[in-house]
Amino acid sequence: DAKTTQPPSMDCAEGRAANLPCNHSTISGNEYVYWYRQIHSQGPQYIIHGLKNNETNEMASLIITEDRKSSTLILPHATLRDTAVYYCIVRVLFFGNTPLVFGKGTRLSVIA
Amino acid sequence: DTGVSQDPRHKITKRGQNVTFRCDPISEHNRLYWYRQTLGQGPEFLTYFQNEAQLEKSRLLSDRFSAERPKGSFSTLEIQRTEQGDSAMYLCASSFKGSYEQYFGPGTRLTVT
Chain A
38 DAKTTQPPSM DCAEGRAANL PCNHSTISGN EYVYWYRQIH SQGPQYIIHG
88 LKNNETNEMA SLIITEDRKS STLILPHATL RDTAVYYCIV RVLFFGNTPL
138 VFGKGTRLSV IA
Chain B
233 DTGVSQDPRH KITKRGQNVT FRCDPISEHN RLYWYRQTLG QGPEFLTYFQ
283 NEAQLEKSRL LSDRFSAERP KGSFSTLEIQ RTEQGDSAMY LCASSFKGSY
333 EQYFGPGTRL TVT
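Going down the list, the sequences are from chains A and B.
With this note's numbering applied, the first sequence corresponds to residues 38 to 149, in that order.
With this note's numbering applied, the second sequence corresponds to residues 233 to 345, in that order.
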């Protein structure tokens, strides 16, 4: 799986949009971008994934650049409960679900 | 609760003792994964199963570690002769083959004194 680079930490004011960047400059054409988050003392939780088109679900939006070398996860109205470590992962969606390769992620602190 | 469950949630043991953790996946999920997470790091893959077959083992899984999934349902992870370096959170996840999402349990925190 390709390597990703994320800032170690970010702050966001409650109610504002949180924009979490991820660099994946060596991504291959058949690799997807996944985002998971881990709230303190819990297991990671899937957020969203995409290949090349922008994606949106009830939790977040994923914006992938046209060259696919970077992406941004957007939490449109961050709340205190969004404080967590966010992991950007690139992987091939191939024959089902293969093990995830996590980096260190970005620790997002949502501040009241 | 129909999520992934792990037992125990916390385990304190003395160096040299054996420990066993259990993971109950979501019903009908045929893939089960074990990860280990140390402080400040992301989870690291240890091993995974499809039904009862162990498909892959990480280099992190030394000879002291063994995992089983009898009958393709729950799984156990055993660590023999524990060392202080084994202190970590052990996470279990499950998925259905063909799906894109893994569902994680709350983890078992192991402390080796």
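The set of hints was computed from the structure by calculation and includes no laboratory data.
The model shown is predicted, which means the values in this text are computed figures rather than measured ones.
Just so you know, not all the hints are guaranteed correct.
[As the list claims (entries may be wrong)] What follows is a set of in silico ranges between Cβ atoms, one per label pair, in the way DEER data are often shown: (1) B:Arg291 - A:Leu117: 38 to 46 Å; (2) A:Pro58 - B:Gln316: 35 to 43 Å; (3) B:Gly248 - A:Gly52: 45 to 53 Å; (4) A:Gly52 - B:Arg254: 37 to 45 Å; (5) A:Ser146 - B:Asn283: 22 to 30 Å; (6) A:Leu117 - B:Arg296: 34 to 42 Å; (7) B:Pro302 - A:Gly52: 27 to 35 Å; (8) A:Ser65 - B:Leu292: 40 to 48 Å; (9) B:Arg254 - A:Pro58: 35 to 43 Å; (10) A:Ile76 - B:Lys246: 42 to 50 Å; (11) A:Asp48 - B:Arg291: 32 to 40 Å.
[Said to hold, decoys possible] Cβ-to-Cβ under 8 Å is the rule here; a few derived chain A residues that face chain B: (12) Ile85; (13) Thr120; (14) Tyr124; (15) Pro136; (16) Lys141.
Where a beta carbon is used, it is the ideal one built from N, C-alpha and C, also for glycine.
Next on the checklist: Checking each numbered hint in turn, tell me which of them this model violates, lowest number first.
Outcome noted: 5, 7, 8, 10, 12, 13
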